[in-house]
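Next come the chains, spelled out residue by residue.
2 protein chains.
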Amino acid sequence: MKIILIGASGTLGRAVSAELAARHELVTVGRTSGDFHTDMREIKSLQALFQKTGKADAIVCTAGSVHFGPWAELTQEKVDIGLRDKLMGQVNVVLAGQEFLNDEGSFTLTSGILSEDPIRYGAAASLVNGALESFARAAAIELNRGLRINVVSPTVVEESMTSFGPYFPGYKPVPARDAALAYSKSVEGKQTGQVYKVW
Amino acid sequence: MKIILIGASGTLGRAVSAELAARHELVTVGRTSGDFHTDMREIKSLQALFQKTGKADAIVCTAGSVHFGPWAELTQEKVDIGLRDKLMGQVNVVLAGQEFLNDEGSFTLTSGILSEDPIRYGAAASLVNGALESFARAAAIELNRGLRINVVSPTVVEESMTSFGPYFPGYKPVPARDAALAYSKSVEGKQTGQVYKVW
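If you read the sequences in order, they're chains X and Z. Taking our numbering, I'd label the letters of the first sequence as residues 9 to 207. Taking our numbering, I'd label the letters of the second sequence as residues 9 to 207.
With the rest of the complex left out, here is chain X:
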């Protein structure tokens, strides 16, 4: 398969890359690194990206930022960071990418454990992750040509514990390579509309 991986240089992205590159042709994409660059907050940037990559059998997105911070300081603008970046960025990947997927191709997006199991400072992240999971369930029934879409929802990964560990007291981290297996399941399997929890 030809697989476009957006967010390839991140912690999850590197593990997904290692998992999939062994068996597939991988096109790596990042905001400033990888084979091609894109700003997924702008649908035109994604359209330009896919024009350059050409058609693919799978598009995987492990990219997206959200605001973490004290509830008392949460504002509309801080929530908006995640709405524009991780949420609409990934929605834009689907809206722009669908015409560049071969028949029966797949999207795999990335949410996270906070949609169900919240932490202090994580309200904006929970919101975005819940939105992505419900969006994928809905998109799965509307995509045409046999296109599929799933979401991987990882808990905090071992490789991120230095920066994210303090936010996740008592959460058992998983190795990024375990999370990467869920991306393989989505891309190489046949299911659609699923949320694959890695926790």
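It is possible that part of the hints are untrue.
For lysine to aspartate or glutamate, the following DMTMM-like pairs were computed, each having C-alpha atoms within a straight-line distance of at most 25 Å [unchecked claim]: (1) Z:Lys52 to X:Asp65; (2) X:Lys86 to Z:Asp43; (3) X:Lys86 to Z:Glu107; (4) Z:Lys193 to Z:Glu150; (5) X:Lys86 to Z:Asp88; (6) X:Lys52 to X:Glu81; (7) Z:Lys10 to X:Glu150; (8) Z:Lys86 to X:Glu81; (9) Z:Lys52 to X:Glu85.
Restraint-style ranges between C-beta atoms, simulated for each label pair [stated by the list, open to error]: (10) Z:Ser171 to X:Pro174: 48 to 58 Å; (11) X:Ser41 to Z:Gly154: 25 to 35 Å; (12) Z:Glu166 to X:Arg153: 36 to 46 Å; (13) Z:Glu166 to X:Gly62: 43 to 53 Å.
If you're looking for bench data, these hints aren't it; they were derived computationally from the structure. Keep in mind it's a predicted model, so treat the numbers as computed, not measured. C-beta: ideal position from N, C-alpha, C; glycine also.
Given the coordinates of chain X, assemble chain Z onto it according to the supplied hints.
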């Protein structure tokens, strides 16, 4: 209790009003109708509203628009309608309203069945409903002074079948007064972080 009901003139809002007004002091709010007016897409409009209503024991929101339409015509701008109105409108109600709630007061927001059980044309609505449910779960652990927050997730209501029925083939509608009971459970009960499904 003193209860502020935003969206009081809508189908759900009228039923919630009928349920709660029998036992409580109700302040009705709408974009153009009710005791007070607000545009909940603008946090400043909500801040001005709550300055006028004064403190309350509960804030209930049954308001919010989302785009319904064919998947093939879905754009970033159409998704954005629901992000700005139903999603950020209700998030703004919480961000702006928390300082106007008395200790142990509550928020009750409104999502809908599409977060879990999608329909044709409903991807943008599913996204918004999933976001609201995860946001409420997260906000519930961060609100202070014993404040609570829950979400009511109704299926299509009987009174809306003329306009929404064709979108929901095979969905068993519920009377709006049944959905209104879930708002009573949230406001007059003691739970927090819950999604009350009425389907």
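Violating hint indices (sorted, rising):
Those not satisfied are hints 1, 2, 6, 7, 8, 11.
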